[in-house]
Amino acid sequence: MAEGSPTKQPERPEYIRIKFDLPRPYNWSTGRYLGKLYAEAKENKKLVANRCPKCKEIKVHAPTPVCPKCKVDMGWDWVELPQTGTVFQYTYQVYPLFDPHLGRTFADPHPPAIILLDNGVFLRHRLEETDTKKLREGMRVQAVWEEDYEKRGQGFQDILYFRTIEE
Amino acid sequence: MAKVTEKLEGMDVWVYHGKIHIPNTYSAGAVGSRFLIELRDNERIMGTRCPTCNLVYVPARSVCKDCFGQLSEWVEVSQQGTLLTYAIAYQPNPVQPSPVPIAYGIVQLDGADTGFVHMLGEVDPKRLKAGMKVEAVFKVKEERQASILDIKYFKPVRKVTKKRVVVKGHH
Amino acid sequence: MAGRVAIVGVGQTHHTTRRNDVNMAEMVGEAVRAALADAQLSIKDIEAFIFSNMEAFEGVLLPDHGMVAEVGATGKPGFKVTGGGTTGSEAVGEGCHMISAGLYDITMVVSWQKHDCGDATAGISAAAVPTFAKGMVTGAVSEFAKQALSYMKESGAKEEHAAMVRLKADRGACRNPYSHLKLGLGSIDEVLQSPYLVWPIRLYDFCPQSCGACVIILASEKSAKKIHKKPVWVADFVVVHQEPFRAGSFGDPTGTETYSQHVACERLYKRNGITNVRKQVDLAEIYEPSTWEEMSLYEHFYFCEKNEGWKLIEKGVTDIEGDFPVNCSGGVIASNPIGATPVIRIAEAALQIRGDAGEHQATRDIKTAIATALGGPNWTAMFLLKRSL
Amino acid sequence: MAQRAGIVAVAQTKYHPNRADVNEAELAYEAIKQVLEETGLTLSDIDSVVTCCQDAWDGRTIASLNLQHVVGAHFGHEFTVAEDGINAAYVAMSQVLSGDHETVLVESHMKESQGEKSLIENAGFDAILMRQLGLDFTSAAALQARRYMDKYGITPEQCAKAVVRNHGNAKNNPFAQGPMDITVDDVLRSEMLVSPIRLLDTKPISDGACVMIVATEEKAKKLARKPVWMMGVSNCYETHYLGDRELADCDALVKAARKAYSMADINDPLRQIDVAEISTEYSYQEPLWMEGLGFCGRGEGGKLADSKSIEMGGQLPVNPSGGVLPGNPNGVAGMARVAEAVLQLRGEAGARQVKGAKVALAHGYTGICGQLQAVMILANV
Numbered sequence: 097m098a099e100g101s102p103t104k105q106p107e108r109p110e111y112i113r114i115k116f117d118l119p120r121p122y123n124w125s126t127g128r129y130l131g132k133l134y135a136e137a138k139e140n141k142k143l144v145a146n147r148c149p150k151c152k153e154i155k156v157h158a159p160t161p162v163c164p165k166c167k168v169d170m171g172w173d174w175v176e177l178p179q180t181g182t183v184f185q186y187t188y189q190v191y192p193l194f195d196p197h198l199g200r201t202f203a204d205p206h207p208p209a210i211i212l213l214d215n216g217v218f219l220r221h222r223l224e225e226t227d228t229k230k231l232r233e234g235m236r237v238q239a240v241w242e243e244d245y246e247k248r249g250q251g252f253q254d255i256l257y258f259r260t261i262e263e
Numbered sequence: 013m014a015k016v017t018e019k020l021e022g023m024d025v026w027v028y029h030g031k032i033h034i035p036n037t038y039s040a041g042a043v044g045s046r047f048l049i050e051l052r053d054n055e056r057i058m059g060t061r062c063p064t065c066n067l068v069y070v071p072a073r074s075v076c077k078d079c080f081g082q083l084s085e086w087v088e089v090s091q092q093g094t095l096l097t098y099a100i101a102y103q104p105n106p107v108q109p110s111p112v113p114i115a116y117g118i119v120q121l122d123g124a125d126t127g128f129v130h131m132l133g134e135v136d137p138k139r140l141k142a143g144m145k146v147e148a149v150f151k152v153k154e155e156r157q158a159s160i161l162d163i164k165y166f167k168p169v170r171k172v173t174k175k176r177v178v179v180k181g182h183h
Numbered sequence: 063m064a065g066r067v068a069i070v071g072v073g074q075t076h077h078t079t080r081r082n083d084v085n086m087a088e089m090v091g092e093a094v095r096a097a098l099a100d101a102q103l104s105i106k107d108i109e110a111f112i113f114s115n116m117e118a119f120e121g122v123l124l125p126d127h128g129m130v131a132e133v134g135a136t137g138k139p140g141f142k143v144t145g146g147g148t149t150g151s152e153a154v155g156e157g158c159h160m161i162s163a164g165l166y167d168i169t170m171v172v173s174w175q176k177h178d179c180g181d182a183t184a185g186i187s188a189a190a191v192p193t194f195a196k197g198m199v200t201g202a203v204s205e206f207a208k209q210a211l212s213y214m215k216e217s218g219a220k221e222e223h224a225a226m227v228r229l230k231a232d233r234g235a236c237r238n239p240y241s242h243l244k245l246g247l248g249s250i251d252e253v254l255q256s257p258y259l260v261w262p263i264r265l266y267d268f269c270p271q272s273c274g275a276c277v278i279i280l281a282s283e284k285s286a287k288k289i290h291k292k293p294v295w296v297a298d299f300v301v302v303h304q305e306p307f308r309a310g311s312f313g314d315p316t317g318t319e320t321y322s323q324h325v326a327c328e329r330l331y332k333r334n335g336i337t338n339v340r341k342q343v344d345l346a347e348i349y350e351p352s353t354w355e356e357m358s359l360y361e362h363f364y365f366c367e368k369n370e371g372w373k374l375i376e377k378g379v380t381d382i383e384g385d386f387p388v389n390c391s392g393g394v395i396a397s398n399p400i401g402a403t404p405v406i407r408i409a410e411a412a413l414q415i416r417g418d419a420g421e422h423q424a425t426r427d428i429k430t431a432i433a434t435a436l437g438g439p440n441w442t443a444m445f446l447l448k449r450s451l
Numbered sequence: 031m032a033q034r035a036g037i038v039a040v041a042q043t044k045y046h047p048n049r050a051d052v053n054e055a056e057l058a059y060e061a062i063k064q065v066l067e068e069t070g071l072t073l074s075d076i077d078s079v080v081t082c083c084q085d086a087w088d089g090r091t092i093a094s095l096n097l098q099h100v101v102g103a104h105f106g107h108e109f110t111v112a113e114d115g116i117n118a119a120y121v122a123m124s125q126v127l128s129g130d131h132e133t134v135l136v137e138s139h140m141k142e143s144q145g146e147k148s149l150i151e152n153a154g155f156d157a158i159l160m161r162q163l164g165l166d167f168t169s170a171a172a173l174q175a176r177r178y179m180d181k182y183g184i185t186p187e188q189c190a191k192a193v194v195r196n197h198g199n200a201k202n203n204p205f206a207q208g209p210m211d212i213t214v215d216d217v218l219r220s221e222m223l224v225s226p227i228r229l230l231d232t233k234p235i236s237d238g239a240c241v242m243i244v245a246t247e248e249k250a251k252k253l254a255r256k257p258v259w260m261m262g263v264s265n266c267y268e269t270h271y272l273g274d275r276e277l278a279d280c281d282a283l284v285k286a287a288r289k290a291y292s293m294a295d296i297n298d299p300l301r302q303i304d305v306a307e308i309s310t311e312y313s314y315q316e317p318l319w320m321e322g323l324g325f326c327g328r329g330e331g332g333k334l335a336d337s338k339s340i341e342m343g344g345q346l347p348v349n350p351s352g353g354v355l356p357g358n359p360n361g362v363a364g365m366a367r368v369a370e371a372v373l374q375l376r377g378e379a380g381a382r383q384v385k386g387a388k389v390a391l392a393h394g395y396t397g398i399c400g401q402l403q404a405v406m407i408l409a410n411v
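Chains as they are written, first to last, in this note's numbering: chain A, 97 to 263; chain B, 13 to 183; chain C, 63 to 451; chain D, 31 to 411.
It should be emphasised that the hints constitute simulated quantities derived from the structure, not laboratory data.
Quick reminder that beta carbons are idealized off the backbone N, C-alpha and C, glycines included.
Careful: at least some of the hints might be erroneous.
What the hints assert, rightly or not - The following label-pair restraints were derived from C-beta to C-beta distances:
#1 K201/D - C151/A: 54 to 62 Å
#2 K388/D - A142/B: 37 to 45 Å
#3 W241/A - K332/C: 47 to 55 Å
#4 K252/D - P149/A: 27 to 35 Å
Just need the whole structure built from these sequences, with the hints factored in.
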């Protein structure tokens with residue numbers, strides 16, 4: 097460095113980092129299709145999905161105005177889904193990950209699972225059983241609803257989890 | 013707990029009032045860090061000069077916008093300069109460092125060829141005028157954190173310094 | 063493509079966890095200068111810029127706007143692509159379109175991610191809107207965990223095979239001056255000792271969060287031959303998006319659904335007369351966010367029969383010295399600056415074709431290569447690159 | 031160019047301050063349905079899709095995930111771009127001219143009501159040098175407005191006239207969000223947001239979507255009642271740091287316009303262009319952008335705003351639709367200008383029609399003080 101230069105470069109340079117920690121609020125709308133699912137869950141503790149007029153496939157996650165595969169208008173054809181099924185696949189979270197909607201790290205103790213409902217439709221939800229030793233594919237499960245009407249109105253989350261059942 | 017979902021009147025549509033909250037940390041890099049550290053430690057405002065375009069960038073930058081040259085020639089500029097433009101914000105937002113109204117300004121410091129974007133203070137907003145002389149007001153040393161906010165704001169110059177401080181040095 | 067397009071310059075930064083010595087714009091500028099040096103062009107020669115980055119990870123709005131000076135784009139046209147993991151491929155695709163459309167002669171694809179600004183897992187989790195996915199958010203890791211479980215069950219692959227994928231990647235990464243994770247692993251046991259993130263995905267099974275940038279300069283046929291001694295031709299490319307599977311995002315545990323990879327291959331291979339990819343293509347750089355996904359992608363891209371992906375790993379077919387090298391660079395599980403990741407695949411494949419990959423140059427002569435990308439819910443992009451057309 | 035790219039069909043939703051009743055996909059689908067109906071195409075006939083959205087506004091990483099089903103992107107070719115939708119139309123044009131795609135669906139949507147404007151915009155400023163000051167796009171625009179007005183003697187009255195004229199024109203536009211009967215005095219007495227910008231100098235929060243189909247010349251002639259051709263287009267970046275820019279002169283717009291004009295063989299824009307649709311989120315931008323577009327000399331935008339020549343029936347009617355000021359979402363605004371230009375050239379603009387329009391200009395911009403400017407020239411012959 098030339099003489100008269102303003103600062104001496106230190107041996108190990110100090111690097112500045114500027115932190116921003118502001119949550120950004122949003123008002124996400126369910127829209128009309130997902131809203132139908134919300135309404136049935138809240139009012140009737142029913143799980144519903146819409147069905148494509150062409151391929152007849154039932155759209156669970158999430159109801160849409162267009163069938164992704166046939167690319168045709170879905171119309172307004174709703175079916176009620178059974179609330180029992182078998183565990184098709186599950187995993188469990190060992191390491192907590194940062195949840196962008198909570199603003200902190202979080203590990204859900206309830207194992208995420210793909211549940212094959214009794215009408216052959218796949219639902220992604222979570223299991224009540226937290227003891228991973230007791231989990232197995234093919235186990236029978238049933239939806240457990242939030243019983244407090246005031247607390248419902250959260251769509252899929254109106255079902256708290258799926259409980260192991262003996263049959 | 014506040015209600016996060018709200019049903020729209022008269023239709024089966026819900027609105028979820030939530031947030032995205034991911035903290036972000038941005039590195040200033042070598043050039044930006046040196047600029048901020050100079051504010052914090054020495055109350056000096058530094059620029060970098062492009063020898064090709066003969067432009068002094070303040071705040072210091074690492075690249076010339078015109079010729080893409082990498083800048084390594086550091087220059088200290090005056091803390092006084094000319095107000096190029098200004099605006100007074102009356103609407104609050106969560107990022108603003110002080111309550112509204114906030115006066116923003118772009119100041120061309122003596123010895124610089126670019127404008128410095130910052131706030132204006134100690135002035136009646138009605139008396140702001142492009143072309144007026146302003147000078148930097150620093151926070152007290154204990155409050156300075158090597159950030160752009162180490163400068164509190166620019167205020168109108170009561171007494172113009174005749175001496176132009178321009179110290180040049182090579183990186 | 064109406065007009066033929068070639069890659070005439072590539073440049074990348076070294077990829078790493080943290081870059082405190084540069085801000086985002088300066089980091090990207092390093093790759094711009096490297097690519098210009100490679101192409102022996104001046105910034106004045108670049109006519110238009112295509113930016114690729116997933117801005118949600120840095121929490122920046124319009125990130126391209128913040129680096130106009132640092133990448134030399136002042137007064138120039140430009141576009142910003144923002145489409146999940148395949149973003150980089152779409153950007154290179156757009157760079158090609160602009161040239162073959164006759165709108166520009168030389169374009170520059172600028173891609174990056176600076177993960178030290180935020181949290182990539184959180185960023186990916188934010189892809190799920192709370193109205194339908196609240197409480198089911200575990201980012202990409204859990205989706206790849208499900209994919210791994212399905213693959214294990216169906217193909218008979220063992221955790222040891224996933225470990226072999228990491229060992230292969232690590233050998234490449236240790237030879238690649240730019241790669242992020244250089245673990246120096248010696249044995250399968252070492253990999254199997256790494257902890258689970260989401261069962262059965264271990265820390266070493268998954269890609270890191272990297273800071274890094276990659277730049278590719280594209281040119282029309284007329285200019286390409288003047289610019290570079292060894293232009294690499296973009297023979298063709300496809301981008302195929304996909305709705306999530308009924309029962310998964312990156313893998314279909316029901317074994318009944320079509321994958322975007324199949325559709326992409328059908329289009330790309332058919333258009334280019336490829337009936338046996340292992341014979342007609344010499345090398346691949348694929349976008350594999352996890353070790354398990356690499357084995358399964360071998361099958362989806364028809365490098366082998368179904369349920370035999372792990373056998374390619376076992377036999378060393380895809381090693382750097384192998385018959386069909388895959389990810390000599392170390393791949394995505396070694397370096398993953400997401401917005402740049404697909405562009406790095408293309409750049410690395412181009413270097414292999416030029417014979418300029420240095421320490422991690424494949425043993426066999428590479429004349430034709432494919433570079434792929436994976437994003438969204440199993441979206442696929444594929445580029446076919448050739449030494450001569 | 032041997033081939034031309036044609037716009038086959040356009041559609042917009044009615045712009046609205048709060049469409050909480052629909053999500054992004056349903057909003058976009060309202061417009062998508064219209065272009066499909068008009069052309070008789072189905073989503074399966076589309077061979078490429080260009081969507082335009084921004085994660086920070088949609089509140090979702092990979093925002094295009096929101097709508098891939100309604101654009102028919104399953105197993106399809108989809109590019110997602112950011113910035114204003116006018117750039118998406120530009121990308122679609124390149125895909126068509128490249129020979130790779132024949133029929134491209136272009137979609138742009140935005141629900142500004144969904145997020146918090148100033149917080150989202152603040153994240154667009156350099157994090158080290160500007161973000162901590164709490165700047166948003168309006169406060170930056172105010173710095174530009176003051177600089178422009180001071181340098182060239184543009185008056186608040188001249189800017190207010192732009193507001194009054196745009197709102198007046200909007201009354202003829204069925205898609206317009208909020209045409210208001212206002213006077214220059216109303217504008218000058220409205221609440222001060224960031225001096226010198228008042229409430230009525232700005233556009234309100236707006237939700238909406240715009241969709242179009244772009245096709246090869248051959249395909250466009252078959253599909254469209256009246257195809258409109260993309261004759262010239264360009265965009266251009268300005269540098270980021272506000273202090274490095276001469277805010278009173280929009281250099282990026284000058285460059286973008288020059289390139290678009292030269293492609294379309296335009297050397298006297300005021301005479302050769304029949305109608306212009308320009309994006310102005312703030313009133314001062316109308317005279318400023320008109321200077322950038324070469325409709326008048328530097329500093330003469332105020333005089334032009336005062337004159338009758340840009341009114342309906344004038345030499346070059348500007349924003350017969352009412353433009354952006356009565357309410358268009360950012361990101362859609364520029365693409366909506368293209369859509370409006372198309373309606374003009376098809377003679378389907380209803381009460382806002384400029385008679386016999388043959389050549390139209392559409393302008394859009396993205397970012398702080400118009401950092402990325404885009405200009406498109408369209409023609410019906």
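For each hint, the structure was consulted:
The supplied range of 54 to 62 Å is broken by K201/D and C151/A, whose beta-carbon atoms lie about 46 Å from each other. Against the hinted window of 37 to 45 Å, the Cβ-Cβ separation of K388/D and A142/B comes to about 43 Å, which satisfies the hint. The supplied range of 47 to 55 Å is met by W241/A and K332/C, whose beta-carbon atoms lie about 50 Å from each other. Under the hint 27 to 35 Å, the C-beta atoms of K252/D and P149/A, about 29 Å apart, fit the expected range.
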